[in-house]
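These are the residues of each chain, in order.
There are 2 protein chains.
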Amino acid sequence: MSDFAFKLYEYNVWANQQIFNRLKELPKEIYHQEIQSVFPSISHVLSHVYLSDLGWIEVFSGKTLSDALALAEQLKEQTEAKEIEEMEDLFLRLSERYILFLQQKEQLNKPLQIQNPSSGIMKTTVSELLPHVVNHGTYHRGNITAMLRQAGYASAPTDYGLYLFMTKTEKA
Amino acid sequence: MSDFAFKLYEYNVWANQQIFNRLKELPKEIYHQEIQSVFPSISHVLSHVYLSDLGWIEVFSGKTLSDALALAEQLKEQTEAKEIEEMEDLFLRLSERYILFLQQKEQLNKPLQIQNPSSGIMKTTVSELLPHVVNHGTYHRGNITAMLRQAGYASAPTDYGLYLFMTKTEKA
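As given, the protein sequences belong to chains A and B, one line each in that order. Per UniProt numbering, numbering of the first sequence is gapless, rising by one per residue and ending at 172. Per UniProt numbering, numbering of the second sequence is gapless, rising by one per residue and ending at 172.
Wrong hints could be hidden among the right ones.
A pair holds if it fits inside one copy or across any two, identical chains being indistinguishable in the list.
Using 16 Å as the maximum straight-line C-alpha spacing, the simulated EDC-like pairs for lysine to aspartate or glutamate come out as follows [unchecked claim]:
{"hint": "1", "residue 1": "K24", "residue 2": "E88"}
{"hint": "2", "residue 1": "K7", "residue 2": "E128"}
{"hint": "3", "residue 1": "K7", "residue 2": "E77"}
{"hint": "4", "residue 1": "K76", "residue 2": "E106"}
{"hint": "5", "residue 1": "K110", "residue 2": "E128"}
{"hint": "6", "residue 1": "K168", "residue 2": "E106"}
{"hint": "7", "residue 1": "K76", "residue 2": "D3"}
{"hint": "8", "residue 1": "K63", "residue 2": "E73"}
{"hint": "9", "residue 1": "K168", "residue 2": "E96"}
{"hint": "10", "residue 1": "K168", "residue 2": "E128"}
{"hint": "11", "residue 1": "K168", "residue 2": "E77"}
{"hint": "12", "residue 1": "K110", "residue 2": "D89"}
{"hint": "13", "residue 1": "K168", "residue 2": "E80"}
{"hint": "14", "residue 1": "K28", "residue 2": "E86"}
{"hint": "15", "residue 1": "K7", "residue 2": "E96"}
{"hint": "16", "residue 1": "K82", "residue 2": "D159"}
{"hint": "17", "residue 1": "K82", "residue 2": "E106"}
Hints listed in this document are in silico derivations from the structure and should not be mistaken for laboratory results. Just so we're clear, the structure is a prediction, and the values are computed from it rather than from any experiment.
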């Protein structure tokens with residue numbers, strides 16, 4: 001299971017980069033443009049994804065969920081204000097941190113107890129939760145694509161099936 | 001890996017039902033309402049997800065990818081015209097077919113060779129591709145949430161993390 005969770009995370013990095021590459025092709029103002037949607041703008045969506053991913057690796061590294069949520073809240077405003085290139089860099093450095101962490105195989109199946117403020121304690125592992133980080137990213141990439149279309153622009157392909165074809169067909 | 005893929009699919013069924021439950025609370029016309037987004041309406045998004053999922057289980061059951069794509073094309077118009085309750089029923093029956101198929105453990109790791117019209121042959125297994133079915137569903141649930149907000153309505157929570165908390169905390 002852990003190898004699969006690691007591979008899914010690598011897909012997540014590829015999919016985020018597809019979105020950044022596409023956003024950098026568009027007029028600069030699109031990134032902060034107000035759009036009536038799930039979030040006020042695409043920068044708000046990417047900040048939310050970044051701060052969630054940051055929160056989870058803090059939890060994986062021993063922080064409590066409430067401390068991780070507090071950290072995210074503290075960084076929210078400054079993260080939302082960033083420009084697309086700065087955001088791309090933040091995502092890149094965070095993915096490097098994840099990859100370093102996930103390469104320590106013993107981390108993947110280390111038992112975790114997560115105290116959720118609203119629903120008690122969950123006993124889990126990093127490899128069980130990592131698919132949530134990826135699934136959460138996919139969900140918000142789905143938001144971003146709809147928001148881009150709403151603003152009149154196409155998005156970028158980010159399907160896991162496409163990623164599998166690209167990575168596996170080359171090796172075939 | 002296969003148990004995890006099965007569990008991820010069960011999450012997908014739960015997440016789809018969350019969306020159907022929410023859509024059924026809203027004014028009936030929302031389902032077919034034209035919205036400038038990734039698809040012309042929410043019914044088009046759910047039809048696309050349904051026909052993709054149908055296509056994949058046909059491939060898992062031995063059909064070629066091009067035959068499965070042809071089947072989806074054939075059913076497209078009639079699927080898009082369905083009302084929300086009919087769509088919910090289609091999804092339910094398809095998920096029962098998936099669960100029956102996935103309970104045959106030997107199916108999960110059966111070698112598959114998939115001829116993609118545009119990028120050659122991929123050697124894979126059902127359990128390796130199943131996460132694509134789920135990830136694809138999550139992506140389009142992300143579209144639907146943005147489309148609902150665009151139309152002025154909140155969506156429903158469908159996070160994998162929430163699903164894990166709900167299913168694991170009860171058993172703790």
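- Query: Using 16 Å as the alpha-carbon threshold, which applies to K110 and E128: within, between, both, or neither?
  - Reply: Answer is within; shortest intra-copy Cα gap is 10 Å, inter-copy 24 Å.
- Query: Between copies, within a copy, both or neither: which fits K76 and E106 at Cα up to 16 Å?
  - Reply: Neither way: K76 and E106 sit 32 Å apart in one copy and 47 Å across, limit 16 Å.
- Intra- versus inter-subunit Cα pairing at 16 Å for K7 with E96: Intra 14 Å, inter 28 Å, cutoff 16 Å: intra-copy only.
- Message: Within, between, both or neither: how does the pair K76, D3 come out at a Cα-Cα threshold of 16 Å?
- Response: neither (32 Å within a copy, 37 Å between copies)
- Which holds for K82 with E106 at a C-alpha limit of 16 Å: within a copy, between copies, both or neither? Answer is neither; intra-copy 35 Å and inter-copy 50 Å both fail.
- Item | Same-copy or cross-copy closeness of K168 to E96 [CA-CA at most 16 Å] | Classified as neither; 23 Å inside a copy, 30 Å across copies.
- Message: Regarding K168 and E128, is the shortest C-alpha distance of 16 Å or less found within a copy, between copies, in both, or in neither?
- Response: between (24 Å within a copy, 11 Å between copies)
- Message: My question is about K168 and E106: at a cut-off of 16 Å on alpha-carbon distance, are they close within one copy, between copies, both, or neither?
- Response: Classified as neither: same-chain Cα gap 27 Å, cross-chain 22 Å, threshold 16 Å.
- Have a look at K168 and E80 and pick one of within, between, both or neither, based on CA distance no larger than 16 Å. The answer is neither: 36 Å in one copy and 33 Å across copies each exceed 16 Å.
- Task: Measure nothing new, just compare the shortest in-copy and cross-copy C-alpha distances for K110 and D89 to 16 Å and report within, between, both or neither.
- Result: neither (29 Å within a copy, 41 Å between copies)
- First find the shortest C-alpha distance between K24 and E88 inside one copy, then the shortest across copies, and answer within, between, both or neither for a cut-off of 16 Å. Within one copy only: 10 Å inside, 39 Å across.
- Under a CA distance limit of 16 Å, which applies to K168 and E77: within one copy, between copies, both, or neither? So K168 and E77 fail the 16 Å test inside a copy (40 Å) and across (33 Å) alike.
Of the numbered hints given earlier, the model fails hints 3, 4, 6, 7, 9, 11, 12, 13, 16 and 17; all others are met.
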